[in-house]
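Asker: Taken in order, these protein sequences are the chains called A and B.
The first sequence finishes on residue 171 if you use full-length UniProt numbering, and the numbering steps up by one all the way, no holes.
The second sequence finishes on residue 504 if you use full-length UniProt numbering, and the numbering steps up by one all the way, no holes.
No lab work stands behind these hints, which were simulated from the structure alone.
Treat the hints with care, since some could be wrong.
[Claimed, not checked] One-sided and incomplete, this derived list gives chain A residues near chain B with beta-carbon spacing under 10 Å: (1) Cys78; (2) Thr82; (3) Gly99; (4) Tyr116; (5) Leu136.
[Unchecked claim] Restraint ranges, calculated between C-beta atoms of paired labels, are given here: (6) A:Lys147 with B:Asn474: 25 to 35 Å; (7) A:Cys78 with B:Lys348: 17 to 27 Å; (8) A:Cys78 with B:Glu311: 26 to 36 Å; (9) B:Arg304 with A:Asn91: 42 to 52 Å; (10) A:Lys147 with B:Asp263: 47 to 57 Å.
Cβ atoms here follow ideal geometry from the backbone N, Cα and C, with glycine treated the same way.
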Amino acid sequence: MLLRNIARVSVNSAKYTALRSTAPVTMARLLAQRVPATRMFSVVTPLRHGHLKTPAPGEELKITFIEKDGNQKTFDVCEGETLLDIAQGHNLDMEGACGGSCACSTCHVIVDPDYYDAIPEPEDDENDMLDLAYGLTETSRLGCQVKMNKDIDGIRVALPQMTRNVSSKDL
Amino acid sequence: MSQVARNISIIGSGPSGLYTAYHLVKKANTIKVPINIKIWEKNPVPFGLSRYGVAPDHPEVKNCEDTFTTMFREYEELSAGFCKSLQFIGNTIVGQPSMSSATNPFENHVALKSLMQTEDVVVLSYGCNGDRRLNIPHEEECSSVFTSRQFVNWYNGQFDVALSDKFMKFDWSKVRKVGIIGNGNVALDVARLLISNQVKELWGVSDISTVALEQLNKAPIESVKIIGRRDFSHSKFTNKEYRELWELEKYGIFGNIISTEFDTLVKDIKAPSNDRVMMRRLEMSKEYLLPFDQRSKKNYKKVRPPIERAESKKHWEFDYLLSPVGINMHPGTKDLKSVTFAQNVMQKDGSLVQSDSTVTTDFDLLITSLGYKGEPLEEFGELGIQFDRSHVKNIDGRVLSNSDVPIPGLYTSGWINNGGQGVIANTMQGAFQVADRILEDMAAKPIHKKSTSNAELNTQLPNQTTWADWEEINKKELQKGKAQGKNRSKYITVDSVMNVLKTN
Chain A
1 MLLRNIARVS VNSAKYTALR STAPVTMARL LAQRVPATRM FSVVTPLRHG
51 HLKTPAPGEE LKITFIEKDG NQKTFDVCEG ETLLDIAQGH NLDMEGACGG
101 SCACSTCHVI VDPDYYDAIP EPEDDENDML DLAYGLTETS RLGCQVKMNK
151 DIDGIRVALP QMTRNVSSKD L
Chain B
1 MSQVARNISI IGSGPSGLYT AYHLVKKANT IKVPINIKIW EKNPVPFGLS
51 RYGVAPDHPE VKNCEDTFTT MFREYEELSA GFCKSLQFIG NTIVGQPSMS
101 SATNPFENHV ALKSLMQTED VVVLSYGCNG DRRLNIPHEE ECSSVFTSRQ
151 FVNWYNGQFD VALSDKFMKF DWSKVRKVGI IGNGNVALDV ARLLISNQVK
201 ELWGVSDIST VALEQLNKAP IESVKIIGRR DFSHSKFTNK EYRELWELEK
251 YGIFGNIIST EFDTLVKDIK APSNDRVMMR RLEMSKEYLL PFDQRSKKNY
301 KKVRPPIERA ESKKHWEFDY LLSPVGINMH PGTKDLKSVT FAQNVMQKDG
351 SLVQSDSTVT TDFDLLITSL GYKGEPLEEF GELGIQFDRS HVKNIDGRVL
401 SNSDVPIPGL YTSGWINNGG QGVIANTMQG AFQVADRILE DMAAKPIHKK
451 STSNAELNTQ LPNQTTWADW EEINKKELQK GKAQGKNRSK YITVDSVMNV
501 LKTN
């Protein structure tokens, strides 16, 4: 179900107008969905920490990523880390083609609407790149531009499916 | 890991080829198949359009090169040991292209056929090496008409054209009025460079070819007109590049839009028929067209222009619904005098009708920016590889034969897969998907006989360059750049690259 919902959102990616009305509802449902007891909920030991710092005891902030296959992973992270750094530090499938300089849309994440408003508004350059993101929703952000802080402790974000809109040109 | 390693050859070391390799490296462990990867490159140095296509004032877009560099340095770790080797083979052309470079005397040739006989997987990622043209009289003959691909290659120091007479002997000191046909992002890159050609802080610090910049600096450019066949709402550029043009006002360079459709749209920006991209585009246009103090939002008031719009001698403008039909030269010369356009009318159903009325506009330089065009390799006919207009015909990256059947082991990614569309992020996503198909196929099929055949591929070619060679060149280019106050100073001849490597 989880998977299907994510897929549906991305398939509609070109139709921003349609998305504007449906996406937040779909995403809200998706993001709010509690993990069934039978489902594997993994807190993963990362292979590489990259340059992530280890939070001091008592100062951990929590973030949950919902991966493309629907798996959820929760990490304890430090204030100030970007979502891109966190995802890459934990080997999630998130690329930062431009190295986190807000010059591409490859670190696109869909933010749980409950947390979206607590993040400072995107600047023009981020919006310019979001214009080009696949599966854009009303709560889309670039992972490289969102920094962890106490206001968004517990934030949940989904990695969108990379779905191309297949046209006759592809055949 | 008892399986025999599969051999993968990727043709082209631009973003598509290297992102395909990157995904294979990162995911080989998911199918538990060991791989060897060879990347073939016609130039002595890697990165294709990241090095030769991306605008010099967009260094952040080239950060993908860092990912590729990490891949070459750490492929064993990244692949959890499944990638056994990752080789860069520069100065080597695979499958004689129809447009061979005359400027690389060190070039090796390897037949595509021999790769297909010896490798388990071959990926065509060689990009688009041709130009879409207007196909109107005097387009080729006029000395002041350039295609955007050639022009961009020139100022980015691409070996084939970096010192070409077409650009170096061109009289830049006479260029005041420029026309650009097409309004995609390449057209906007070119427009931005030309109208701000004398702004040192933009270009002096960039990795633009120094000799090209010297020439460009001579041009007293006053106006750049960006011309579209269709109307404003069909503009091909993205908002980032559009914003960069408006932001040139901080150097006293102003913009304008000539379109009745725009005039109508901008009156009701929030109309439900406007999508997010269009709303943002209209708001940006509206705000920047207002005098600085009358703008409503602070993000359009970042830097006060040094002069008023009316005092400025440098302008860019978008013009629409015009199709070039004639290139007029000064009598007795090959120099451009003007371009004649037919006026188009948009029909209600979205189709375009060319009317009988024409307008003629004076230009000193015309750049045609109609897109890059893929070219087939010469061997495609013989090997039965299907080429359709400007791309290799394929389904999900699996290359089709002339009878529409996938050719086992042959794939394509990037611009030669799609005919030249999309930014690096799209190329990356496309390349990952093609790499996923390759992994699926490798996992599903028993070991291809090529892995166990005795046929040997010669990868020790005269004058071939390696990744270590590139690291050396890279270091030198960065050093040279630092000394000149630039972020990089490129070698622009193959000779100079080979000399550096020889003396090391």
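Asker: Against each hint, give a clear statement of whether it holds in the structure.
Answerer: For each hint, the structure was consulted:
1. Because the closest C-beta pair between cysteine 78 of chain A and chain B is about 23 Å apart, greater than 10 Å, the hint is violated.
2. At about 15 Å, the closest approach between the beta carbon of threonine 82 of chain A and any beta carbon in chain B exceeds 10 Å, and the interface hint on this residue is violated.
3. Among the interface hints, the one on glycine 99 of chain A holds; its C-beta lies about 3 Å from the nearest C-beta in chain B, closer than the 10 Å criterion.
4. Of the supplied interface hints, the one on tyrosine 116 of chain A is violated, with its beta-carbon coming no nearer than about 16 Å to a beta-carbon of chain B, more than 10 Å.
5. Of the supplied interface hints, the one on leucine 136 of chain A holds, with its beta-carbon coming within about 7 Å of a beta-carbon of chain B, less than 10 Å.
6. Between lysine 147 of chain A and asparagine 474 of chain B the beta carbon distance is about 32 Å. The supplied range of 25 to 35 Å therefore holds.
7. The hinted window of 17 to 27 Å between cysteine 78 of chain A and lysine 348 of chain B is violated, with their beta carbons roughly 58 Å apart.
8. Distance hint check for cysteine 78 of chain A and glutamate 311 of chain B: the Cβ-Cβ separation is about 51 Å, which falls outside the suggested range of 26 to 36 Å.
9. Our hint of 42 to 52 Å for arginine 304 of chain B and asparagine 91 of chain A holds, since their Cβ atoms are close to 47 Å apart.
10. In this structure the hint that lysine 147 of chain A and aspartate 263 of chain B lie 47 to 57 Å apart at CB is violated, the actual value being about 41 Å.
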